[in-house]
Amino acid sequence: MNIKPLGDRVVIKKVEAEEKTKSGIVLPSQAKEQPQMAEVMAVGPGGMVDGKEVKMEVKVGDKVIFSKYAGTEIKYDGEEYTILKQSDLLAVVE
Amino acid sequence: MNIKPLGDRVVIKKVEAEEKTKSGIVLPSQAKEQPQMAEVMAVGPGGMVDGKEVKMEVKVGDKVIFSKYAGTEIKYDGEEYTILKQSDLLAVVE
Amino acid sequence: MNIKPLGDRVVIKKVEAEEKTKSGIVLPSQAKEQPQMAEVMAVGPGGMVDGKEVKMEVKVGDKVIFSKYAGTEIKYDGEEYTILKQSDLLAVVE
Amino acid sequence: MNIKPLGDRVVIKKVEAEEKTKSGIVLPSQAKEQPQMAEVMAVGPGGMVDGKEVKMEVKVGDKVIFSKYAGTEIKYDGEEYTILKQSDLLAVVE
Amino acid sequence: MNIKPLGDRVVIKKVEAEEKTKSGIVLPSQAKEQPQMAEVMAVGPGGMVDGKEVKMEVKVGDKVIFSKYAGTEIKYDGEEYTILKQSDLLAVVE
Amino acid sequence: MNIKPLGDRVVIKKVEAEEKTKSGIVLPSQAKEQPQMAEVMAVGPGGMVDGKEVKMEVKVGDKVIFSKYAGTEIKYDGEEYTILKQSDLLAVVE
Amino acid sequence: MNIKPLGDRVVIKKVEAEEKTKSGIVLPSQAKEQPQMAEVMAVGPGGMVDGKEVKMEVKVGDKVIFSKYAGTEIKYDGEEYTILKQSDLLAVVE
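Residue numbers (the working numbering), protein chains in the order written: chain A, 1264 to 1357; chain B, 1264 to 1357; chain C, 1264 to 1357; chain D, 1264 to 1357; chain E, 1264 to 1357; chain F, 1264 to 1357; chain G, 1264 to 1357.
For the record, the hints were derived by calculation from the structure and aren't laboratory data.
It is possible that part of the hints are untrue.
What the hints assert, rightly or not - Each computed BS3-like pair below joins lysine-lysine, with the alpha-carbon atoms no more than 27 Å apart:
#, chain 1, residue 1, chain 2, residue 2
1, A, K1267, F, K1318
2, C, K1338, C, K1267
3, G, K1338, E, K1276
The shape of chain A in the complex, shown without the other chains (with noise of 0.2 Å):
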């Protein structure tokens, strides 16, 4: 991918419903502010952010749980993403 994101941001890509069943996490779909789960499609480089040191912990490729309005929504080559800080990201599914 070569959206780099910038400081302490991720790109994520949303997993579907069918891959959320079999990692074992479902998630209510009536519920309007759930968590999501996503993959990880690229990490930005961390260092000082806002004058903090901010160390990435997730990794390209990673299951994360994620807040479903956190971040902002991007489409790219027709796919769509979602670019947010990494401590708007709740979990690793492993």
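Go by the hints and put chains B, C, D, E, F and G onto chain A.
Chains B, C, D, E, F and G only, in chain A's frame:
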């Protein structure tokens, strides 16, 4: 559990009313914003979080009191969990 | 008491009106946001809390004045307690 | 006085209008948010407060000007006092 | 003047319109939130204020421009003064 | 360009829809708060900004994604530009 | 000019439309919150401001772009000026 919380987050599972009685805590059920008891299921690594060094003080298996509306609820393998920051935990019940 | 507050939190138990009179403090009962007197039941370890070093200055048994609506109320073995941060305590009464 | 303020708090007692006139300060009584004069009755230890080193600069007996609505009012042995942070005191009147 | 401001506060006395004209500043009287000119009557010691080192840069006698609604107004010996933080002063007029 | 941004600001120029398609990014035009693509025209010196050391990570010519409503729009020689802080840039597109 | 801004403040004087055209900047007059061009008339000493070291990066005579509603407007010898913090200046035009 294969959910690994990021930063200073923990995954907890609410303890049912029966268990609460056994451990001696009675939480009034009619109150909407009452704290609740839970068991810690997974603990993030801590470290630098938002520019501040955080040391994790709870461990898997701890019974904790937390504020009911803190954190984000997820479903995993049919069970409900909450992901929240350690600072949203009020106390450990021993 | 087997409730161990986390960080800079303390567990307190409100002192009844009779005791308040004995210790010399009269708190007008009609005022809704009046401070209240309480006894400290458990004290957290302090240390780094939200990136700041906190030294606990109260100990179990201290009579303290606190703002009535600070903290979270819990019931334990039929008794009511409040968990709040040490900084929400205003003074110790000796 | 056996009330020991915590952290950077002080206990003050409002000075009556007659005394105010003698010390030369006249505070318009009709204004609701006017500052008021008071005498310092007890002074906290200062030190690290909310992660910042605070040095207490007032002492018991000081006449101070404070903003009327700062702090928490308590009654003690039939007298009214206010517990507030030193930073809510505006000036010392000598 | 026997009012000693605490911390980074100063006591100022508003300069009347006639004086303003002489020193060359004309402040439109119809505007409600216009800055005003004043003379510095007393200066606090500065030092650590809210965890930050503050060096006092104005001295008694300085003519200053300040934002009209900053600070707290007091009456002293029949005169009106304003106590405000040095950072609410915008400029010195020489 | 003879506009020199101050501190951690950059000057960017929005990239037209045609160019966006070529570089592979499609931004839905009907969405009002969508991010937009732009080219960096000028970069501030960075350094201490609001008490924090900021290192500039973008350079003139970079294609960047930014949140459409961040920053301030100006017109210069008939062209429109936006001045915004580097932290309002989400990612670089390579 | 005998107005000496305090801290990290500067005094600026708005540049008229004719001058703006010559220096190549056209600012749409119908927009209410557009940035404006100005000339720097006086510069504060910088140094420790609100606990942060601020280095002044503009000098008297600089043409700057600033956000129209930042700062405080004053009249001096019949001319209008604005006193604002250096961080409210967006860019220098050379």
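Now the hints, each set against the structure:
1. A:K1267 with F:K1318: 17 Å, holds
2. C:K1338 with C:K1267: 14 Å, holds
3. G:K1338 with E:K1276: Within the cut-off at roughly 20 Å; holds.
Consistency with the previously given hints is maintained throughout, with no hint failing.
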